[in-house]
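**Student:** Heads up: the protein sequence lines correspond to chains E and L, in order. Counting in my numbering, the first sequence tops out at residue 820, every number present. Counting in my numbering, the second sequence tops out at residue 820, every number present.
Calculated from the structure, these hints are not laboratory results. Where hints are given, some of them may not hold.
All copies of an identical chain are treated as equivalent in the list; a pair is satisfied when it fits inside any one copy or across any two copies.
[To be verified] Distance condition first, Cα-Cα at most 27 angstroms in a straight line; then the derived DSSO-like pairs of lysine-lysine:
no., residue 1, residue 2
1, Lys820, Lys434
2, Lys567, Lys509
3, Lys812, Lys470
4, Lys613, Lys449
5, Lys470, Lys747
6, Lys434, Lys518
7, Lys518, Lys820
8, Lys426, Lys567
9, Lys653, Lys812
10, Lys426, Lys590
11, Lys737, Lys820
Number of protein chains: 2
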Amino acid sequence: MLVQKYKDMLSGKSVIRELSEFATARGKEIGYENVFDYSLGNPSVPVPKEFTDRMIQLLATRPTNELHGYSPSLGITSVREAIAESLKNRFGIPYTKDHIFMASGAAGALAHAFRLVTEPGDEILTFAPFFPEYHPYVDLTGAVLKVVPPNTETFQINFEAFEEMLTEKVMAVLVNTPNNPSGVVYSTETVKRLADTLKRKSEEYGHIIYLISDEPYREIVFEGVDAPCVSKFYDNTIMCYSFSKSLSLPGERIGYVAINPACADAETMVYMCGQISRGIGHNCPPSIIQLAVSDVLDKTADLSVYETNMNLIYDKLVELGFTVVKPGGTFYIFPKALEEDAKAFSKKALKYDLILVPADTFGAPGFFRMAYCIETEKVKRSLEALERFVKTEYPNAGK
Amino acid sequence: MLVQKYKDMLSGKSVIRELSEFATARGKEIGYENVFDYSLGNPSVPVPKEFTDRMIQLLATRPTNELHGYSPSLGITSVREAIAESLKNRFGIPYTKDHIFMASGAAGALAHAFRLVTEPGDEILTFAPFFPEYHPYVDLTGAVLKVVPPNTETFQINFEAFEEMLTEKVMAVLVNTPNNPSGVVYSTETVKRLADTLKRKSEEYGHIIYLISDEPYREIVFEGVDAPCVSKFYDNTIMCYSFSKSLSLPGERIGYVAINPACADAETMVYMCGQISRGIGHNCPPSIIQLAVSDVLDKTADLSVYETNMNLIYDKLVELGFTVVKPGGTFYIFPKALEEDAKAFSKKALKYDLILVPADTFGAPGFFRMAYCIETEKVKRSLEALERFVKTEYPNAGK
Numbered sequence: 422m423l424v425q426k427y428k429d430m431l432s433g434k435s436v437i438r439e440l441s442e443f444a445t446a447r448g449k450e451i452g453y454e455n456v457f458d459y460s461l462g463n464p465s466v467p468v469p470k471e472f473t474d475r476m477i478q479l480l481a482t483r484p485t486n487e488l489h490g491y492s493p494s495l496g497i498t499s500v501r502e503a504i505a506e507s508l509k510n511r512f513g514i515p516y517t518k519d520h521i522f523m524a525s526g527a528a529g530a531l532a533h534a535f536r537l538v539t540e541p542g543d544e545i546l547t548f549a550p551f552f553p554e555y556h557p558y559v560d561l562t563g564a565v566l567k568v569v570p571p572n573t574e575t576f577q578i579n580f581e582a583f584e585e586m587l588t589e590k591v592m593a594v595l596v597n598t599p600n601n602p603s604g605v606v607y608s609t610e611t612v613k614r615l616a617d618t619l620k621r622k623s624e625e626y627g628h629i630i631y632l633i634s635d636e637p638y639r640e641i642v643f644e645g646v647d648a649p650c651v652s653k654f655y656d657n658t659i660m661c662y663s664f665s666k667s668l669s670l671p672g673e674r675i676g677y678v679a680i681n682p683a684c685a686d687a688e689t690m691v692y693m694c695g696q697i698s699r700g701i702g703h704n705c706p707p708s709i710i711q712l713a714v715s716d717v718l719d720k721t722a723d724l725s726v727y728e729t730n731m732n733l734i735y736d737k738l739v740e741l742g743f744t745v746v747k748p749g750g751t752f753y754i755f756p757k758a759l760e761e762d763a764k765a766f767s768k769k770a771l772k773y774d775l776i777l778v779p780a781d782t783f784g785a786p787g788f789f790r791m792a793y794c795i796e797t798e799k800v801k802r803s804l805e806a807l808e809r810f811v812k813t814e815y816p817n818a819g820k
Numbered sequence: 422m423l424v425q426k427y428k429d430m431l432s433g434k435s436v437i438r439e440l441s442e443f444a445t446a447r448g449k450e451i452g453y454e455n456v457f458d459y460s461l462g463n464p465s466v467p468v469p470k471e472f473t474d475r476m477i478q479l480l481a482t483r484p485t486n487e488l489h490g491y492s493p494s495l496g497i498t499s500v501r502e503a504i505a506e507s508l509k510n511r512f513g514i515p516y517t518k519d520h521i522f523m524a525s526g527a528a529g530a531l532a533h534a535f536r537l538v539t540e541p542g543d544e545i546l547t548f549a550p551f552f553p554e555y556h557p558y559v560d561l562t563g564a565v566l567k568v569v570p571p572n573t574e575t576f577q578i579n580f581e582a583f584e585e586m587l588t589e590k591v592m593a594v595l596v597n598t599p600n601n602p603s604g605v606v607y608s609t610e611t612v613k614r615l616a617d618t619l620k621r622k623s624e625e626y627g628h629i630i631y632l633i634s635d636e637p638y639r640e641i642v643f644e645g646v647d648a649p650c651v652s653k654f655y656d657n658t659i660m661c662y663s664f665s666k667s668l669s670l671p672g673e674r675i676g677y678v679a680i681n682p683a684c685a686d687a688e689t690m691v692y693m694c695g696q697i698s699r700g701i702g703h704n705c706p707p708s709i710i711q712l713a714v715s716d717v718l719d720k721t722a723d724l725s726v727y728e729t730n731m732n733l734i735y736d737k738l739v740e741l742g743f744t745v746v747k748p749g750g751t752f753y754i755f756p757k758a759l760e761e762d763a764k765a766f767s768k769k770a771l772k773y774d775l776i777l778v779p780a781d782t783f784g785a786p787g788f789f790r791m792a793y794c795i796e797t798e799k800v801k802r803s804l805e806a807l808e809r810f811v812k813t814e815y816p817n818a819g820k
């Protein structure tokens, strides 16, 4: 018989997907350039030329069996070495290849991290607002994801609620900074306090509480923003990285798990990832993509457009009377809707061809997300629509 | 705490891996060209030029965000369409894109198939000799893999043992034809009888027993061999395919699940695969590889070398007095060792720089596997070593 839990999942509609489908359909009517689609977090800036050049060079020069052959299950050794070296130089943490496990994007990295440190029934805490896919990612391992309510003033951690929820059943805490959907970057103060809390509670409970740091937006940090490396503050950190956003290649499924060398049994954990792979059909990320990426580790796509877009949108939102925390990175912004029911707000926006995602599934009802990974020219035009929307539907906003 | 089951797996040594490591080490002493390494099933023939050309063309001409962007979670629609069309033309089964789910190689396809139709505790039957990775693949889902003992005369199915083991707890039967490690292809008679048995028992138990057909060697079938398409004989078949062997690109992690359109809820099952992905961090196979592969669906690498190698080895084995079933496909052959303990036999062979894998973990003790995906010239030289080995160590073989 077909397994019911997966069948049941089919009836759960994703708001993001529905909105994105609306945008596509509407685009067919009025031209997609006239639909202000802020629904999807799909990178919009081109892949760095160095990546494409390297891919072509590999294809043109390497023997095909060497290029496309099986990668070792932990990843290609030279690639792991290059990543360790790059992280070491960047963050001053003494990574070696023995701390790096190559994974298929952040989803793949997290799938390994969760299985490393939790048995079914164990709890993982994360902080609202949060990426809603964390639910299936965790739930389907058998562990239990619990969400700490947000500090809506700053979208830093709500430590009071956190301490209360950090019981003995919690085996791991999952953070995502820079954050999807808030765009906020955790400050050094936040990360320090988080680390202190975890150390204290680990001791109290007599077991390690691991910190799983999901960092796909690490490279998208705006000018002057304090963006501490989480792993530097807490030994038992499992860093999950993806090149999806920094190199604009989310479809190629490439990332890694980096275990802090100071973590107990760090090297064993990397080998354990290789075992976990056997159970989830992972095997290794695509060989040619591993090789190409390892040559452009310190490059990124031109990410500056995201900051340009953010400033335009932030200024307009403030001008229109929205309550909004200024993003420190990513390509998201997370304002408070102009009525209590963000779904109703988002529905009204559709009349103005504005696709805004209500944030109930992100754990912050009343807010909405805009993914501004779109062309700046379109952002500018969208702001006119936003102004019309607000002035027509909410004439008293901000007054 | 670290999860013990994965930690425990680290102490389990893989015989294949150990032998392969020995081969590498020995290669450093005497030159790898002098080590007759039959341990690993890594394709040796070049990738078809059309694949490489297509990759370069995609990289040189497509906008990078289109090329490397997220693939839909079921796979790129045009790729699923092309695969369905190719399968339909080839096997006369009315596949459409709605029956195809893109997966990361056969391991990825199987990871989805097992989760589709089994809950923890359910049984999956497979037939010895079998690919030993099936154990972690299945065990780590929580289902239970049981192995039907082999018919060592033919390596077709041992139906007597099969019927006995096919209890009400069995939710799926897993076949692998052409078979790793035996090289044998199931005959039409075998597949028909298998299908009849499954139909009868499904009715008797009042639940569908799914047939999971793992087909990475489908394109490597030797001249004149009857190689029926399993899906044609049984409606409730889940085909798991990988391009690893046919196109010689095992590192690129590309394959698919094809649900027989006659299977109950076939289209729902494809959507369910998309949900399963969320739990195992799969997401989608690499976009560029999906696109490149879809243009060379009916091409293969030049696989003829495997048949050449097989014939050379088979003839020599027979001449030296081995009991061996002639392979119908793959790049494996599976003779009976010349003493009861295949491990001891394999150990003695090392003195002659012959790397032969004893088959205990394949579920057929007393046999050994040779993976002849190596250059024909080397095969020829290895046969001299084989002759010396047998004549010295087993002077009475075949007498």
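**Student:** Now tell me, hint by hint, if it's right for this structure.
**Tutor:** To see whether the hints hold, each was checked on the structure:
no.: 1; hint: Lys820 with Lys434; in the structure: neither (36 angstroms within a copy, 71 angstroms between copies)
no.: 2; hint: Lys567 with Lys509; in the structure: neither (33 angstroms within a copy, 46 angstroms between copies)
no.: 3; hint: Lys812 with Lys470; in the structure: neither (43 angstroms within a copy, 60 angstroms between copies)
no.: 4; hint: Lys613 with Lys449; in the structure: neither (49 angstroms within a copy, 50 angstroms between copies)
no.: 5; hint: Lys470 with Lys747; in the structure: neither (31 angstroms within a copy, 51 angstroms between copies)
no.: 6; hint: Lys434 with Lys518; in the structure: between (41 angstroms within a copy, 22 angstroms between copies)
no.: 7; hint: Lys518 with Lys820; in the structure: neither (57 angstroms within a copy, 54 angstroms between copies)
no.: 8; hint: Lys426 with Lys567; in the structure: both (20 angstroms within a copy, 24 angstroms between copies)
no.: 9; hint: Lys653 with Lys812; in the structure: neither (47 angstroms within a copy, 63 angstroms between copies)
no.: 10; hint: Lys426 with Lys590; in the structure: both (24 angstroms within a copy, 19 angstroms between copies)
no.: 11; hint: Lys737 with Lys820; in the structure: within (15 angstroms within a copy, 92 angstroms between copies)
The structure is inconsistent with the numbered hints 1, 2, 3, 4, 5, 7 and 9, although it conforms to all the rest.
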